[in-house]
Structure formats: structure tokens, C-alpha cells
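Sequences are here, hints too, so could you generate the full structure?
Here's the letter readout for the chains.
Number of protein chains: 2
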Amino acid sequence: MTSKKIRTIEEMGEFGLIDHLTSGFTNRQESTQLGVGDDAAVINHGAYMQVVTTDMLLEGVHFDLVYTPLKHLGYKAVVVNLSDVYAMNAAPRQITVSIGISGKFSVEALEEFYEGVKLACERFNVDLVGGDTSGSMTGLVITVTAIGTALKEELTLRSTAKNNQLICVTGDLGAAYMGLKILEREKLLHAEDPGFQPELTGYDYILERYLKPEPRVDVLLALKEAGITPGAMIDISDGLSSELLHICKASGCGCQVYDERIPVADETKEAAAEFQMEPMMAALHGGEDYELLFTVPLSDFDKVSAIEGVSVIGNITDKKGLALLVGNDGNAIQLQAQGWNATED
Amino acid sequence: MTSKKIRTIEEMGEFGLIDHLTSGFTNRQESTQLGVGDDAAVINHGAYMQVVTTDMLLEGVHFDLVYTPLKHLGYKAVVVNLSDVYAMNAAPRQITVSIGISGKFSVEALEEFYEGVKLACERFNVDLVGGDTSGSMTGLVITVTAIGTALKEELTLRSTAKNNQLICVTGDLGAAYMGLKILEREKLLHAEDPGFQPELTGYDYILERYLKPEPRVDVLLALKEAGITPGAMIDISDGLSSELLHICKASGCGCQVYDERIPVADETKEAAAEFQMEPMMAALHGGEDYELLFTVPLSDFDKVSAIEGVSVIGNITDKKGLALLVGNDGNAIQLQAQGWNATED
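The listed protein sequences derive, respectively, from chains C and Z.
Going letter by letter, the first sequence gives residues 1 to 345 in my numbering.
Going letter by letter, the second sequence gives residues 1 to 345 in my numbering.
By construction, these hints were calculated from the structure, which means they are not laboratory data.
The structure presented is a predicted model; accordingly, all values stated were derived computationally and were not measured.
Any given hint could be a false lead.
Repeated chains share a single entry, so a pair holds when one copy, or any two copies, can fit it.
[To be verified] Taking lysine-lysine pairs in the DSSO-like style, the calculated list, with each CA pair at most 30 Å apart, reads:
#, residue 1, residue 2
1, LYS181, LYS104
2, LYS187, LYS104
3, LYS224, LYS104
4, LYS71, LYS104
5, LYS162, LYS303
6, LYS104, LYS303
7, LYS187, LYS303
8, LYS319, LYS152
9, LYS303, LYS269
10, LYS319, LYS104
11, LYS224, LYS303
12, LYS269, LYS104
Here's what the structure looks like:
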């Protein structure tokens with residue numbers, strides 16, 4: 001028996017938990033360049049670096065089969081991993097896909113899922129090289145591992161942001177979250193009244209943002225063409241707020257971003273209005289946008305501003321760990337880390 | 001609507017299902033040396049090869065937390081993947097560990113799991129380089145991916161068995177399955193009468209074989225020292241019968257193995273007697289032994305026979321797809337492929 005307080009996972013938060021559980025591990029292999037703590041691990045192959053990342057998607061937590069077509073799910077399961085590879089400024093090469101399936105699935109249902117996996121492989125030029133298929137007593141379980149490569153000098157980590165660098169995001173934020181809110185609302189209405197027909201017209205943009213996210217390879221190519229190597233980079237899977245804090249923590253810096261510069265689509269604003277919520281909340285905390293958040297030197301302002309789909313939203317500061325959101329009135333609020341949120345989505 | 005018959009997963013079997021689902025995929029990356037269909041995928045890095053393998057373990061299917069200590073589970077989850085790397089005659093280097101956990105888990109429980117992961121990392125000299133941690137609405141879900149390296153000429157596939165080669169196995173077979181049977185029996189007795197104390201003394205060997213399997217690195221080293229490069233190799237995770245058929249299918253050959261030469265421990269025989277079952281059934285179909293099955297040239301008979309922990313059990317034939325088990329009476333029966341068995345264990 002111990003009198004030590006039993007801590008709960010909620011108290012530690014997801015990232016605190018990972019830090020805690022992996023803190024006692026020591027790397028032994030010469031080729032292990034970077035372990036836990038970035039979008040992907042890095043394995044040193046001399047002439048080039050290899051990145052490895054993995055994501056687990058669980059039914060009832062990360063997706064709901066009531067409104068998620070299996071083909072979209074297969075596509076998304078791959079793409080969220082490729083997004084992590086791209087966020088290292090690396091090119092994805094291979095993936096493995098493991099699935100646990102309950103008895104309710106037919107071969108045809110699985111074929112749909114693999115159609116989506118295949119589409120992602122074709123579109124992003126990656127090879128499916130392995131995996132595991134197993135029965136599941138409960139819901140559908142998916143784990144994808146993605147492997148990519150980058151030249152050493154091109155690899156972009158979370159930990160390399162520098163004071164005064166500009167903070168940029170691609171695309172717009174919060175749309176995926178509002179798409180999910182709409183799907184959840186229609187599901188609920190349908191559950192209350194089985195005769196109710198879900199009304200999804202007019203929400204195409206935000207629904208697609210949730211169901212079929214696209215990694216921003218286009219922006220990475222544009223950055224390369226413009227001769228810009230990002231200082232630090234991360235993909236936005238958990239919401240802008242959480243990702244900014246990751247960069248600040250890893251780079252030992254602070255940041256300030258400007259409310260009015262954070263890109264939010266009109267469709268996102270309209271959907272947020274229906275739920276009487278601030279669109280900025282979706283952008284900051286919604287997650288699943290799979291856009292890129294990166295820093296560039298101040299001197300690249302003109303070049304980066306000229307790239308379509310990139311918004312400069314603020315800058316890195318030397319105030320370690322302090323992430324500020326500056327409102328239109330000039331007042332700043334401090335961005336907070338998200339708690340354990342995987343089961344809340 | 002389609003009139004096409006909806007096939008069930010049971011009808012196709014696990015391996016038929018994987019073949020079917022991945023058949024439409026084409027490899028595009030120059031570095032993809034070998035995709036789906038062996039213990040691990042192979043990525044070509046020029047001077048050497050890299051192998052990648054992944055396994056998903058689901059609560060209620062692959063393990064039961066009633067009788068599986070979390071530390072053992074962490075150790076085993078890593079080791080079953082390392083076993084696949086060793087079965088390619090490669091050295092494991094890095095792993096990722098992803099877990100989905102329900103609310104019932106405390107941080108301390110997860111610490112125990114990671115203690116086991118750490119022990120495996122230390123013992124087999126591999127680095128934990130990443131993973132994913134997520135809430136789960138249902139049970140515990142674990143996916144481990146392992147990465148290893150081998151020189152091109154040392155890499156050993158399933159597909160390279162040749163006619164007349166000797167078939168060898170390491171250790172003894174069926175023990176893990178009998179260990180599982182004992183644990184299941186005691187669990188049932190305890191469920192019927194909560195006052196019942198599980199009686200596990202005397203079963204140490206078979207319990208340890210199930211709860212804490214050890215990959216046969218020792219035999220790989222001995223083979224290397226003896227100057228033997230296996231023809232084909234696979235690890236025994238699903239039972240000898242299934243693995244023999246994998247080698248026959250991949251190598252386009254047949255095989256015959258001799259009943260009396262298949263190594264079964266006395267403890268396994270004794271436990272089988274308690275259940276009034278043939279120990280050979282456990283050896284052929286039980287699985288989870290994580291021993292190695294490999295072939296060697298006939299000329300290596302003396303050398304391989306001298307290695308401790310290796311049994312020569314038969315030979316490869318040119319009768320494509322025909323796997324025979326020859327009994328003491330000289331009569332042969334044809335070994336059958338296992339069906340979809342992940343939910344039966």
C-alpha cells in the first residue's frame with residue numbers, strides 16, 4: 001500500500017502524460033537523431049534524415065461512423081500522418097496501416113476504407129508497405145505510421161523558432177471544428193426523431209474541412225520556390241493555441257499573435273453564429289484543420305506575404321513560455337494549454 | 001443496390017483479407033524494396049536495408065487485463081514486434097508506441113506499462129522514438145511499430161526457401177497457448193466463485209511463455225557464428241501450421257515435417273493432458289510462442305543440429321502449397337490454414 005497520491009490523467013494533460021511516461025527513456029542507437037517530442041521522430045541516415053510518425057484513431061473518440069464515410073476515414077487516417085511528415089518539411093515515402101475491426105464490418109466496408117487509403121497513397125505518392133489486421137471486441141481502431149525523408153538542412157523542427165521571427169499559418173482555421181459541430185447537431189436531431197432528414201446543404205466547405213483535410217504540400221513547395229526555409233514548423237491538429245505553446249516550449253521562447261490576423265473563413269463564422277459561439281474559439285482550440293504553423297525570419301516578410309494561402313499572424317518574442325493573443329482593442333490575453341481532450345471531441 | 005454476395009471476413013480469413021485489401025496498391029517509391037507480405041516491410045537505404053513492422057494489440061482480443069500484469073504487457077507489446085524484426089535477420093533499432101486508454105487507467109498503471117516497454121528497450125537495445133496517446137471509449141489499445149536494419153545479404157525473407165532445405169524451429173512450441181488456457185481456466189473458476197484463489201503454482205514455465213515471450217536473438221547469433229545464413233525465416237506468432245503455410249506460399253514450395261520431431265516441453269504436455277487435448281494441437285495452432293521457423297541448406301545439417309535450442313523438424317519439398325505433417329505411423333496429414341482467429345483466442 002502506498003500513501004502517494006494517485007494522479008489522474010486529466011490532471012496531467014495529454015502532453016504532460018507523454019513527457020512523464022517517456023522521461024526515463026535513454027536513446028542508445030547512434031541513428032536516433034530525435035525521439036519523442038516533435039511532429040515525428042528523426043532517424044539519421046547520414047546523407048539524409050528519415051522521419052517517423054504514428055497516429056491512432058479510435059471509433060467514438062476520433063471519429064463517428066454515423067456520419068463519416070469509410071472512404072473519407074481511410075483517406076483522413078493517412079493524411080493526418082502525412083501532415084506530420086510535411087510539418088517536418090520532409091517528403092512522405094511509406095506508410096503502414098493497422099486496423100482492428102469488429103464483427104459488424106463486411107469485406108465491402110473495409111474495401112471502402114482501403115479505397116480512401118489508396119487515394120491518399122496515389123495523391124501523395126506514398127507506398128503502403130505493411131500493417132496489421134485484427135478482430136476488435138469493440139469499435140474500429142486505426143493506427144497509421146508514416147515514414148518520410150528530408151535533407152538534414154531542410155528538416156524543420158518545433159524547437160528552432162528564434163526571437164522576432166514572424167509567425168505564419170496556412171489556409172484558415174476553425175472550419176473543421178465547425179464542420180464537426182454541424183455533423184454532431186444533425187446526428188442528435190436524427191436520434192431524437194428518426195424521421196428527421198439531416199440538412200447539410202450550404203455547409204459543404206466546413207464539412208469537407210472536417211471529413212477530408214488536405215495537407216499543405218502546395219505551401220511547402222511555394223516556400224521552397226521562394227527560397228524560404230521555415231525557422232520552426234508544426235501542423236495544426238489540436239488547435240492554434242496548443243500548437244503555439246508547443247513551439248514556445250520547444251524553442252524556449254514566447255509569442256504574440258493578433259486576433260484580427262488569424263484567418264477564419266466566412267463559412268466558419270456563419271456556422272459559429274448558429275451556435276452562438278465566437279469563431280475565434282474554434283480557430284484557437286478546435287483542431288483538426290491540419291494547416292501548417294511556421295516561423296520565418298523578419299526579412300522574409302515580403303516574400304512570405306506574397307505566397308497565396310499564407311497569413312502572417314504575429315511574431316516570436318523572448319518572453320519564454322508566454323503566448324499572447326492581442327485583441328483589436330490592444331489588450332492581450334494569455335493563451336492556455338489544452339487539457340486532456342481526446343475524449344471530449 | 002448490388003446483387004453481389006457480401007462476403008464475410010470469416011470466410012476470407014485474416015491473411016486472405018489482407019491480400020485482398022492491399023492487392024490494388026502499387027509501389028511508387030524507389031526505396032520501397034518489399035511491401036506487405038513478410039514479417040516486416042523493407043526500405044532500401046543503399047548500403048543497408050531497413051525493416052519496418054507494426055502490431056496492434058487490443059484488450060479482450062489479444063490480452064486480458066484480469067491476468068496480464070501491465071508491465072508484462074508493455075514488455076510483450078514491444079517484444080512481439082522485435083520478434084518480427086529478428087525474423088528478417090535484422091537488428092531492431094527504434095520503436096514507436098501508441099496507446100488508447102480508457103478513463104479507468106491511472107497514471108501509475110500507465111507507468112507500469114511503460115516500465116515494461118523500457119525494460120524491453122534496454123534489453124534489446126532499441127530506442128523509443130515516438131507514439132501517440134489518446135483516450136479510448138472502450139478498452140486498452142496498443143500499437144507498436146518497430147524499425148530495424150540489416151545488410152542486404154543478411155536479410156532473410158519468407159520467400160526464399162528452396163527445395164530440400166531443412167526446416168528448423170527454435171525452442172519448443174505450444175507452451176504459450178497452454179499458459180493461456182490455464183489463465184483462462186483460473187479466471188473462469190474465480191468468476192464463478194469469487195472466494196476461489198487461482199492456483200498457478202507448478203505452471204511457471206508455460207505461464208511465463210505466454211506472459212513474457214523472449215525473441216530468439218541467441219539463436220540468430222549462434223547461426224551467425226556457425227556461418228549459417230537461413231534460407232527463409234518467419235517468427236511463430238500464429239502457430240507452426242500457419243507459419244509453414246506462409247513460407248510455402250511465399251516461396252512457392254511445399255514441406256513435410258515430422259510429428260515426433262516437433263519440440264514440445266513436458267510442462268506443455270502435462271497441461272494439455274489436464275485439458276484432455278493433444279499437445280501437438282497447441283504446437284501446431286496455438287501461436288504466441290515467438291520462436292523462429294527457418295530453413296537451412298541440407299549441407300548445414302551437422303552445424304545447425306549442434307546449436308542449442310534448434311530442432312530440425314522436416315524439409316522443404318517441390319510440391320507447391322502442400323504442407324504435410326508425417327505421423328509416427330508414417331501416415332501424413334495435410335496442414336490447414338487457420339481461419340480468422342484473432343477474436344477466438
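Original post:
Looking at the structure, which of the earlier hints fail to hold?
Top reply: Violated: hints 3, 6, 7, 10 and 12.
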